[in-house]
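Engineer: In case you want the letters, here they are:
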Amino acid sequence: MPLAHRLYDNALVLAPTGRLDHDNCEAFREELAPHLERSAKDGAAIVLDLSGLEYVSSAGLRCFMLAAKQAKAQKSRVVIAAMQPVVAEIFQIARFNLVFEAFPKVRDALAALSPAAAAAFDRG
Amino acid sequence: MRVRFWGTRGSIPVALTSADIRDKVAQALYLAEGRRFESIGEAHEFATRHLDFSLTHTFGGHSPCVELETSGSEYLVCDMGSGARPFGAHVLARQSGKPATVNVFMSHVHWDHIMGFPFFGPAYVPGTHIRIHGCHDVLESAFRLQQAPPCFPVEFSQLAADIEFLKLAPGRAHEISGVRVTPAPQMHSGDSYGYRFETDGKVIVYTTDSEHKLENRAQTERFVQFFQGADLVVFDAMYSLADAISVKADWGHSSNIIGVELCQMARVRHLVLFHHEPAYDDATIEGVLRETRRFEELTRGTQPLQISAAYDGMEIDV
Numbered sequence: 001m002p003l004a005h006r007l008y009d010n011a012l013v014l015a016p017t018g019r020l021d022h023d024n025c026e027a028f029r030e031e032l033a034p035h036l037e038r039s040a041k042d043g044a045a046i047v048l049d050l051s052g053l054e055y056v057s058s059a060g061l062r063c064f065m066l067a068a069k070q071a072k073a074q075k076s077r078v079v080i081a082a083m084q085p086v087v088a089e090i091f092q093i094a095r096f097n098l099v100f101e102a103f104p105k106v107r108d109a110l111a112a113l114s115p116a117a118a119a120a121f122d123r124g
Numbered sequence: 001m002r003v004r005f006w007g008t009r010g011s012i013p014v015a016l017t018s019a020d021i022r023d024k025v026a027q028a029l030y031l032a033e034g035r036r037f038e039s040i041g042e043a044h045e046f047a048t049r050h051l052d053f054s055l056t057h058t059f060g061g062h063s064p065c066v067e068l069e070t071s072g073s074e075y076l077v078c079d080m081g082s083g084a085r086p087f088g089a090h091v092l093a094r095q096s097g098k099p100a101t102v103n104v105f106m107s108h109v110h111w112d113h114i115m116g117f118p119f120f121g122p123a124y125v126p127g128t129h130i131r132i133h134g135c136h137d138v139l140e141s142a143f144r145l146q147q148a149p150p151c152f153p154v155e156f157s158q159l160a161a162d163i164e165f166l167k168l169a170p171g172r173a174h175e176i177s178g179v180r181v182t183p184a185p186q187m188h189s190g191d192s193y194g195y196r197f198e199t200d201g202k203v204i205v206y207t208t209d210s211e212h213k214l215e216n217r218a219q220t221e222r223f224v225q226f227f228q229g230a231d232l233v234v235f236d237a238m239y240s241l242a243d244a245i246s247v248k249a250d251w252g253h254s255s256n257i258i259g260v261e262l263c264q265m266a267r268v269r270h271l272v273l274f275h276h277e278p279a280y281d282d283a284t285i286e287g288v289l290r291e292t293r294r295f296e297e298l299t300r301g302t303q304p305l306q307i308s309a310a311y312d313g314m315e316i317d318v
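Taken in sequence, the protein lines are chains A and L.
In this text, residue positions in the first sequence follow the numbering used here: the first is 1, and each later residue adds one.
In this text, residue positions in the second sequence follow the numbering used here: the first is 1, and each later residue adds one.
Please note: incorrect hints may appear among the correct ones.
Below, in silico cross-link-like pairs of lysine to aspartate or glutamate (EDC-like), each with a Cα-Cα straight-line distance of 16 angstroms or less [as the list claims (entries may be wrong)]:
#1 A/69 / L/243
#2 L/202 / L/69
#3 A/41 / A/9
#4 L/213 / A/26
#5 L/213 / A/21
#6 L/213 / L/243
Reference excerpt, derived from the structure (chain A facing chain L, CB under 7 angstroms, subset only) [what the hints assert, rightly or not]:
#7 59
#8 62
#9 65
#10 86
#11 93
#12 94
#13 95
#14 96
#15 99
Some chain A residues well away from chain L (every beta-carbon gap over 10 angstroms; in silico) [to be verified]:
#16 9
#17 31
#18 35
#19 36
#20 42
#21 51
#22 52
#23 70
#24 74
#25 102
#26 114
#27 124
Simulated from the structure, these hints should not be mistaken for lab results.
All C-beta atoms in this analysis are idealised placements derived from N, C-alpha and C, irrespective of residue type, glycine included.
The following block holds chain A by itself, in its conformation from the complex:
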């Protein structure tokens, strides 16, 4: 799964796309790993922009959970943004809405992380 990424000040936006399930969750974890390592070094928070994610299975949700745990241990954080309705429903049914902070839009998530990140997003 290609993982588009972009840095806004000290916040990293990662955008998985398509389906995240048993078949590709390990590949996704491998894509995610260097970003989490970087976050450990510079303290960058991670926004998962899920606007392009069509479906997530339990295995995919586990990847999100592991990323959040690692980030927390590194004194960083992972937040969710822009979920499609189906993915938002799956989050709610799996009670992941109680685990993750989720925002309607990427900008909302960045604003919650830092004014500088939101300003960088506004500059484009």
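With chain A fixed as given, assemble chain L onto it according to the hints.
Structural biologist: Just chain L now, kept in the frame of chain A:
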């Protein structure tokens, strides 16, 4: 084959409180909006048609005990949780004084799965045959231990029935009372075993107290094989997925989401959510059922999966 649920709650039996019942009655009266019923039958009709299951019923209740009624004369039952007490009363009433033969299949010997046995009426009837099947070495000692002083006033050795303990080999099919029974090892503290029952062209899988590690693909494939093509799977759906893989990881239980995914992969027809969390009230369990059905809709492939939440007294014909 008919599956009859005598105990469906996990870990410890629960009972409705007087406050719970008063609340159900008050909500029903409120929702009736001043209707006048000419008979109790009309009131029943209104309750059935217009009120939620969680308002007019309770999921219960007793800890695990699930009967499989076949065309044979012997009884088959999974686990001896507190539901074994009403199951025993059912056996005695049906036998009308004739001794019964009861085949018990034990998932494991944690207390919630054996606690009903000292209250299982047929165990006190001379001539009754009770065959307790399982895969644990400690099967017999666990049953004897819970009736040893000072835990219970009647020692196991005083029971009048003829009681046998029969060790089954996991992964192998056994012919028992006209049913092909295959146990499978599961992940749970002290190990547990699920059972696949096959008879008359029908397949029922009883799989409780079983944790599924999502990262273990070999384990997932093994369970898909175990469930393959089943008409009914009784599944431990105690926790939410978020809890099952975080704060309650390694507690030995699973979730509704994983139940749906495994059953979809195995092309199962009917999933029954089982081993309900004791902290959940009826409305919460009904909410979990509603959400699980929605999750199935969202993820459905070519074959729909029927989903139910087990309750004490539920019967399903397969």
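Engineer: Of all the hints numbered above, which does this structure not satisfy? Sort the numbers upward.
Structural biologist: Violated hints: none; all satisfied.
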